[in-house]
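Engineer: Line order of the protein sequences matches chains C and Z. Counting in the working numbering, the first sequence runs without a single skipped number right up to 375 at its last residue. Counting in the working numbering, the second sequence runs without a single skipped number right up to 924 at its last residue.
Just so you know, the hints here were simulated from the structure itself, not pulled from any lab data. Each hint should be verified, as a subset may be incorrect.
Capping the alpha-carbon separation at 27 Å, the derived lysine-lysine pairs in DSSO-like fashion look like this [to be verified]: (1) 541/Z / 229/C; (2) 326/C / 486/Z; (3) 311/C / 486/Z; (4) 193/C / 486/Z; (5) 229/C / 545/Z; (6) 261/C / 627/Z.
Partner residues aside, some chain C positions facing chain Z, computed with beta carbon under 8 Å [as the list claims (entries may be wrong)]: (7) 31; (8) 33; (9) 167; (10) 171; (11) 177; (12) 183; (13) 186; (14) 202; (15) 203; (16) 259; (17) 260; (18) 268; (19) 272; (20) 291; (21) 292; (22) 335.
Note that beta-carbon positions come from the ideal geometry of N, C-alpha and C, so glycine has one too.
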Amino acid sequence: MKFIFPILYCLCVSVHAANIKEIIAQGEKLYHGPGGCVACHQKNGEGLEGMIPPLKNSDWVKGDKKRLISLCINGLEGAIRVNGKIYKNVMPPQVQFDDEQLAAILTFIRQSWGNKEAPVDVKDIEEVRSSTKNDNRAASDLLKRYPFNKTLAENNGLAKDALNKDYFDPSKTTLVRTFMPGASPAAFAVALKNGPYYCWDAGECRLRYIWYEGGFIENNKKHWSSNGKPVASFKGERFYVAPSSKYKVEDFNDKNQIHRKDPVYDTLSVNDFPFRIGFKAQVRPRYLGYHWDGDIPVFRYKIGEHTVTEKIETSEGVKGIVQTFKLDGPLEAVEMPLVSSKTVKISCEEGRIYGNTLYLSPHESQSFKIVIVEK
Amino acid sequence: MKTGFLVIVWLCGLLASLVYASSYKHEVITMPPSPHQTKEIDGMCFTPKGDLAICLPSGEVWKYDVKTNVWSLFAEGLHNPMGILALSEFDFVVSQRPELTRIRDLNGDGKADDYQCLTDVFGLSGNYHEFNFTPVMDTNGDIYFSLGTASNGAGIRQIVRSRYDKRARKGRMFSCVPFRGWVMKYSVNGETHPWSCGLRTPNGLGFNLQGDLFVSDNQGDWVGTSKIYHVKPGRFFGHVPSLNWHPRFFGKAFTLKTKKLDKLRTRAAVLLPHGVVSNSPTKIVVDHTKGKFGPFAGQLFVGEMNWHHLLRVVLEKVDGEYQGAAIPFYSNKDFRLGSNRLAFSNDGHLFVGHSKHTWTGGEGLTKISYTGKKPFEIQKVSLLEHGFKLLFTSPVDHALASQKKYYRCKRYWYDYHQNYGSAQYETTEVAIRGLHVNRESTEVMVYLNEMKAWTIHELELMDFYSYDGIKLMNNKVYYTLNRLLKRTPPPPRQWNMNLVKKKKAKKSAKKISEDDSRKKNETEKKKKEKSNQEKSRESEEIKKGIGKN
Chain C
1 MKFIFPILYC
11 LCVSVHAANI
21 KEIIAQGEKL
31 YHGPGGCVAC
41 HQKNGEGLEG
51 MIPPLKNSDW
61 VKGDKKRLIS
71 LCINGLEGAI
81 RVNGKIYKNV
91 MPPQVQFDDE
101 QLAAILTFIR
111 QSWGNKEAPV
121 DVKDIEEVRS
131 STKNDNRAAS
141 DLLKRYPFNK
151 TLAENNGLAK
161 DALNKDYFDP
171 SKTTLVRTFM
181 PGASPAAFAV
191 ALKNGPYYCW
201 DAGECRLRYI
211 WYEGGFIENN
221 KKHWSSNGKP
231 VASFKGERFY
241 VAPSSKYKVE
251 DFNDKNQIHR
261 KDPVYDTLSV
271 NDFPFRIGFK
281 AQVRPRYLGY
291 HWDGDIPVFR
301 YKIGEHTVTE
311 KIETSEGVKG
321 IVQTFKLDGP
331 LEAVEMPLVS
341 SKTVKISCEE
351 GRIYGNTLYL
361 SPHESQSFKI
371 VIVEK
Chain Z
376 MKTGFLVIVW
386 LCGLLASLVY
396 ASSYKHEVIT
406 MPPSPHQTKE
416 IDGMCFTPKG
426 DLAICLPSGE
436 VWKYDVKTNV
446 WSLFAEGLHN
456 PMGILALSEF
466 DFVVSQRPEL
476 TRIRDLNGDG
486 KADDYQCLTD
496 VFGLSGNYHE
506 FNFTPVMDTN
516 GDIYFSLGTA
526 SNGAGIRQIV
536 RSRYDKRARK
546 GRMFSCVPFR
556 GWVMKYSVNG
566 ETHPWSCGLR
576 TPNGLGFNLQ
586 GDLFVSDNQG
596 DWVGTSKIYH
606 VKPGRFFGHV
616 PSLNWHPRFF
626 GKAFTLKTKK
636 LDKLRTRAAV
646 LLPHGVVSNS
656 PTKIVVDHTK
666 GKFGPFAGQL
676 FVGEMNWHHL
686 LRVVLEKVDG
696 EYQGAAIPFY
706 SNKDFRLGSN
716 RLAFSNDGHL
726 FVGHSKHTWT
736 GGEGLTKISY
746 TGKKPFEIQK
756 VSLLEHGFKL
766 LFTSPVDHAL
776 ASQKKYYRCK
786 RYWYDYHQNY
796 GSAQYETTEV
806 AIRGLHVNRE
816 STEVMVYLNE
826 MKAWTIHELE
836 LMDFYSYDGI
846 KLMNNKVYYT
856 LNRLLKRTPP
866 PPRQWNMNLV
876 KKKKAKKSAK
886 KISEDDSRKK
896 NETEKKKKEK
906 SNQEKSRESE
916 EIKKGIGKN
């Protein structure tokens, strides 16, 4: 009699183990089967960077079963952080599986690829199903119900910033007015259809800079969806920077945000831009607007009696741009400061360049093109 | 028997509330399919042909065909547009952060291709709070828009448009670049005029039917409670930083004493008690529907960010100046917060655009419609020599209305000072001296024991029913009694009362030695001399600068 209990116990355990193995096998089959999890989470459970979170060694799979069960039943929407990385795709509710199948899959997931977690029972699923009846698939609601403990919450939870990702369609020319670094608060960010990206400053009526790499502006959604504090940013290095007597190139990185200090300058205190017309004191330009010429924005401004239009296009063949200026007004000479740069070559078919200044005769100044291309 | 009677009474009440509820209803309209998934509305107007146009924080203008429920994109790439005005079906004026812009479709493809800057002569420091609010047009074709001040909750940018003046970068909200806190006029001939100043966050301009311009302002520093002002050229409404750009007080705004400022300022036509009926008033529209929107034709409707209601403003001219009452309108828990923009459609519906921008508010687009059933409301309030006359939309319960116990009146006023907001001062119950209900039971004269000018009178009608047994839901009236019909006294001291108490306490507690105070005076004098010299130099420069601009 004394031996019966240990024997019974062994039997029970072996039966249980056998059961578990069967369940895991069933789960594995469903995982890899048609309409299974493998379609997104991949064969090895590693997911896809930025889109599908991993299941292998995931803090969302380990520990509390209920969160995992709930997100399978109800789905999951909204950017989340899993083991410190951000994932954004939507997970649909897994309605194609019944509770038994779901238990098998989750048990398989929790005991594969190095995961060693307690199996999931049909009872667990029933319990979660009844308690989350009215839940939606918002990640924020899920985490309100099943929050992570303090240590795990460092790397797991919502990724609010990722939801603020800006929308941008690279197949067409995009024009955005927003706060741009290194420009007055009245600035444009433009992405030409065939590149590059540039910043045009309506406060000073001139092209500020051009960049190529790292994509178009970021953080702009944060700017308009909040109350307007953030300044837009971009990742690439600036390919070309317009000359400025007061705002140095090295000021760009540390002075592009908002400050409690006094400004570097205000636009009424300088008038060395964009160019001088005639042999008299330079006049500050007045911004008039812009219009679309097909797919290209054309800026208009007034300098003294002259109305100027400025069109910025992609240069053909070479990396760079072509600025076309047209002046409407009395015939007068133009004197325009240029910038000397190691990376770009600035040329103009009309007029002559002495040092860093372009001189145009009254006739040449009526319409001239400045080409800024890679050296 | 008793319980049966009670049940009947309860049923009547229920029925009454149903009847009330059915005078106005609202429905939520689907937002346009913005690629940025924007759900907030910052500008709204109707085109002459009756299409709705809205502008979104993400910089788009969308048009909505009210008949077919179809949205179409009209313009893109605007910078925080806060208001829109339709000139024709394809010609709009938008107030975006950096300028006032005319947007036109010139090639006829239904999408804007010309963005003309009408005016950008005002400054832009890059502070987030420098909004450019709601353009409106008078019958002459002149456009008015209002400029918000900057907040010291954040800094400014390193390159600033127009002239920077450090002297006005003081206090909670500041105006360190020209004309922040001003109403601007862009006239037909293309000139821009600073029109009137002293505003803090003027998030809403609007005309009444007589063509007089009104602007709302939000409670804060120098603004004890939110207000509605009557705009006239040259007026100063009390928020000090913007006075810095007034030619008379150039660079001197902060050297003026509150006593002097109080004399300079124009009192609001209507004060909206903060936290009682309003926290953040927005757009002002006039009911020009001639009865299509119910019995309030010609009155002003004002949006409100923090409350589940709108405000109705009833104005009258006393002694040549506007004053009047605010009454809540459409109090409904299901009605969203953040009523930022209002516009009446051609067929008499009130469209409400909601917004929040990280503050209290809401999202989406709501349409409020009049069902045609007459509501039971206080239609109009007007001043009598010894009280107020209330006009109701339908007859009141005569017996009830002639009993004093159903009325309560109190008065208070708000302090004028630099600190944020103000408490209510001298809150006093005013006894009802007598009542008179007219024969048709539509008018009640409420006679008060005492009428005190330059205070707000809050009149409450408690458990008030109509002849048909409908309960009066919006039963409070907030009347800004500036002027009396006869013998209006000059405004009493209503400024820096918060400091008076503190000063008294300090005087009794501290004995400052004479030597110390003398030394202080001397050093202060020196400082003043220095700063005065600087100021005079700077002001000359600035005058030149403005002339050029």
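Engineer: Next step is simple, just say for each hint if it's right about the structure.
Structural biologist: Each hint, compared with the structure:
Of the supplied pair hints, the one linking residue 541/Z and residue 229/C holds, its CA atoms being roughly 21 Å apart against a limit of 27 Å. For a cut-off of 27 Å, the pair hint linking residue 326/C to residue 486/Z stands: about 26 Å separates their Cα positions. Under the criterion of a C-alpha separation no larger than 27 Å, the hint pairing residue 311/C with residue 486/Z is consistent with the structure, at around 20 Å. A hinted pair counts as satisfied when its Cα atoms are at most 27 Å apart, and residue 193/C with residue 486/Z qualifies at roughly 19 Å.
At most 27 Å may separate the alpha-carbon atoms for a hinted pair to count; residue 229/C and residue 545/Z meet this at roughly 19 Å. Our distance criterion of 27 Å between C-alpha atoms is met by residue 261/C and residue 627/Z, whose separation comes to about 21 Å. Hint status for residue 31/C: violated, given a least beta-carbon distance of 33 Å to chain Z, over 8 Å. The interface hint given for residue 33/C is violated, since its Cβ lies 35 Å from the closest Cβ of chain Z, which is over the 8 Å cut-off.
Given hint, residue 167/C at the interface with chain Z, holds; its Cβ is 5 Å from that chain's nearest Cβ, closer than 8 Å. Against a cut-off of 8 Å between C-beta atoms, the interface hint on residue 171/C is violated, since the closest Cβ of chain Z lies about 12 Å away. Of the supplied interface hints, the one on residue 177/C holds, with its beta-carbon coming within about 4 Å of a beta-carbon of chain Z, less than 8 Å. For the restraint placing residue 183/C at the interface with chain Z, the shortest Cβ-Cβ distance is roughly 7 Å, inside the 8 Å limit, so the hint holds.
Checking residue 186/C against chain Z by beta carbon gives a least distance of about 4 Å; that is within 8 Å, so the hint holds. At a threshold of 8 Å, the smallest CB-CB gap from residue 202/C to chain Z is about 6 Å, leaving the interface hint in force. Hint status for residue 203/C relative to chain Z: holds, with the closest Cβ pair at about 4 Å, below 8 Å. At a threshold of 8 Å, the smallest CB-CB gap from residue 259/C to chain Z is about 4 Å, leaving the interface hint in force.
Checking residue 260/C against chain Z by beta carbon gives a least distance of about 4 Å; that is within 8 Å, so the hint holds. Annotation: residue 268/C was flagged as interfacial toward chain Z, and the flag holds, the nearest CB pair being 5 Å apart, inside 8 Å. Taking 8 Å as the C-beta cut-off, the interface hint given for residue 272/C is violated, the closest approach to chain Z being about 14 Å. About 4 Å separates the beta-carbon of residue 291/C from the nearest beta-carbon of chain Z, less than 8 Å, and the hint is met.
Evaluation of the residue 292/C hint against chain Z yields a held restraint, the C-beta minimum of about 4 Å falling below 8 Å. For residue 335/C, the interface hint is violated, the least distance from its beta-carbon to any beta-carbon of chain Z being 20 Å, above 8 Å.
In terms of the numbered hints stated before, the structure departs from hints 7, 8, 10, 19, 22, listed from lowest to highest.
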